[in-house]
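These are the residues of each chain, in order.
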Amino acid sequence: MSIPADLRYTPEHEWVSIEGTSASVGITEYAASQLGDVVFISMPAVGATVTAGEPCGEVESVKSVSDLYSPVDGEVIEVNADLESDPALVNAEPYAAWLFRVRVAGDAALPPDLLSAAEYEELTKSAG
Amino acid sequence: MHERLGASLTSFAGFSMPLRYTSETAEHLAVRRAAGLFDLSHMGEILVTGPDAGAALDYALVGNLSSLAPGRARYTMICAADGGVLDDLVVYRQGEGEFMVIANASNTATVYGELAARAEGHEVLVADATDEYALIAIQGPASAGILGPLTGLDLSAMKYYAGAFGDVAGRPAWVARTGYTGEDGFEIFCRPSDAEAVWEALMAAGAPAGLVPAGLAARDTLRLEAGMPLYGNELGPEVTPFEAGLGRVVKFDKPGDFVGRSALLARAAEGPRVVLAGLTMRSRRIPRHGYPVVADDADRVGTVTSGAPSPTLGVPIAMAYLEPGDHPGLAVDIRGQAAPADLTDLPFYRRST
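These protein sequence lines map, in sequence, to chains A and B. Just so you know, we're using the working numbering here: the first sequence kicks off at 1 and counts up by one. Just so you know, we're using the working numbering here: the second sequence kicks off at 1 and counts up by one.
Just chain A, same shape as in the assembly:
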């Protein structure tokens, strides 16, 4: 199970990649494999304000539905239109298939409780 070292993670199995003031958010390979085939993603609207740790959408798989949590505070500036027609990209390439992008206020706005790759790996191991 791959957990790229250059990303940060949430306990709810999102990954986040920060470039300047833009944060790309996706779900981890572990989450995708636990969910099974993802069939629909309810995204936050472009322009919406999201809050770290708060639900901002839903991920529906064949067998279950899960809340999608924002890892960061900010404004949604883009959602991945490719996932509208092919949500299973999340299963095929979980770290390429970003879900949405958020404009964050800067490094200072990053929540301190985001996990490193090592910490996230620990969490998935203890979850079995």
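For the record, the hints were derived by calculation from the structure and aren't laboratory data. All C-beta atoms in this analysis are idealised placements derived from N, C-alpha and C, irrespective of residue type, glycine included. Be aware that one or more of the hints could be misleading.
Selected chain B positions facing chain A (Cβ under 10 Å, derived; list incomplete) [stated by the list, open to error]:
no.: 1; residue: Ser8
no.: 2; residue: Ala26
no.: 3; residue: Leu40
no.: 4; residue: Thr130
no.: 5; residue: Ala217
no.: 6; residue: Leu313
no.: 7; residue: Ala338
Non-contacting residues of chain A with respect to chain B, defined by C-beta distances greater than 12 Å in every case (computed) [said to hold, decoys possible]:
no.: 8; residue: Ile3
no.: 9; residue: Ser22
no.: 10; residue: Gln34
no.: 11; residue: Tyr95
no.: 12; residue: Ala96
Position chain B against the provided structure of chain A, taking the given hints into account.
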């Protein structure tokens, strides 16, 4: 063994069972287009044997089992005295006085207990033989072509809902043309110690034809498309076979009394209290077990029993119990939002023959 194949396992009725091997959608489509191989060893096998076996089952179950010809299978149910469904069953008549009753895993103990109690006074032996059988199902249009060369049985002569003792990959087995996917296919009951050899022989023979291992997640969407009820979803002690649209399995004209007869007669006369319906969704969110079904005026008219994205149809589908009558503007309340749905005749999918 399944963990070696990369299966994602789920705990089900005390068994560790494969939920999916790779992608449940790909497994589902493989069964529709080629074939899938399922390990269903969790299912219960109860043997009912003796000179009165047919008569005992006629009393214990709602169907007419004494009329079943040896070598044939029948879908039937076991009901409580009040008509509520205790389980749905497939019964094979393996010989004149030999029947094998297949129960859902979580109900095997109940079914065994009821059959033993209801057999009192009959010259018959009831035995829970679940531990003596593994069950491997090969399902899909390519199934006969894959299984045929591995068995001495003449599959072309085996009708749907028939079965015979024979061999698969040199191992003794009861092979039946039955299944729970809406496709042609076979169910192979063999000794647990032979199961891995049978599985591997089928995979080796079938892989070139597109056979893939398939898990319980694909099995659930396959049976839903085929409009087949699942115990715990569409069936349970709170409904009779009539609510589930399966009143035809209740045989009032068979000889003698049977458990549930008077309650079921009354229900047949007064009509079902709810009706099992098919729903096709107009949007992409998935209706799931327990979600409310509402009509135009936001009145609740029913409850979803099973729902999933249909890989064959490309839209979410569901089965639901609805109050009898017309319900304009049907919708499923999906976590607070009304998602419009269209009534659809069951089954959603029927194979072309």
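Here's how the hints hold up against the structure:
With a cut of 10 Å, the hint placing Ser8/B at the interface with chain A holds, because the nearest CB-to-CB distance is about 7 Å. A distance limit of 10 Å between C-beta atoms decides the matter here; for Ala26/B the minimum to chain A is near 8 Å, and the interface restraint holds. Interface hint status for Leu40/B: violated, as the beta-carbon distance to the closest one in chain A is roughly 18 Å, over 10 Å. Given the 10 Å rule on beta carbons, the hint for Thr130/B is violated: about 26 Å separates it from the nearest Cβ of chain A.
Taken as an interface hint, Ala217/B checks out: its beta carbon lies about 6 Å from the nearest beta carbon of chain A, inside 10 Å. At a threshold of 10 Å, the smallest CB-CB gap from Leu313/B to chain A is about 13 Å, leaving the interface hint violated. For the restraint placing Ala338/B at the interface with chain A, the shortest Cβ-Cβ distance is roughly 15 Å, beyond the 10 Å limit, so the hint is violated. At roughly 18 Å from the closest C-beta of chain B, the C-beta of Ile3/A stays outside 12 Å, upholding its exclusion from the interface.
Separation of Ser22/A from chain B is adequate, the least Cβ-Cβ distance of about 28 Å exceeding the 12 Å criterion. For Gln34/A, the shortest C-beta to C-beta distance to chain B comes to about 8 Å, within the 12 Å cut-off, and the non-interface label is violated. With a least CB separation of 18 Å from chain B, Tyr95/A remains clear of the 12 Å interface cut-off, as annotated. With 12 Å as the threshold on Cβ separation, the claim that Ala96/A sits away from chain B holds: the shortest Cβ distance comes to roughly 17 Å.
When each numbered hint is compared with the structure, violations occur for hints 3, 4, 6, 7, 10.
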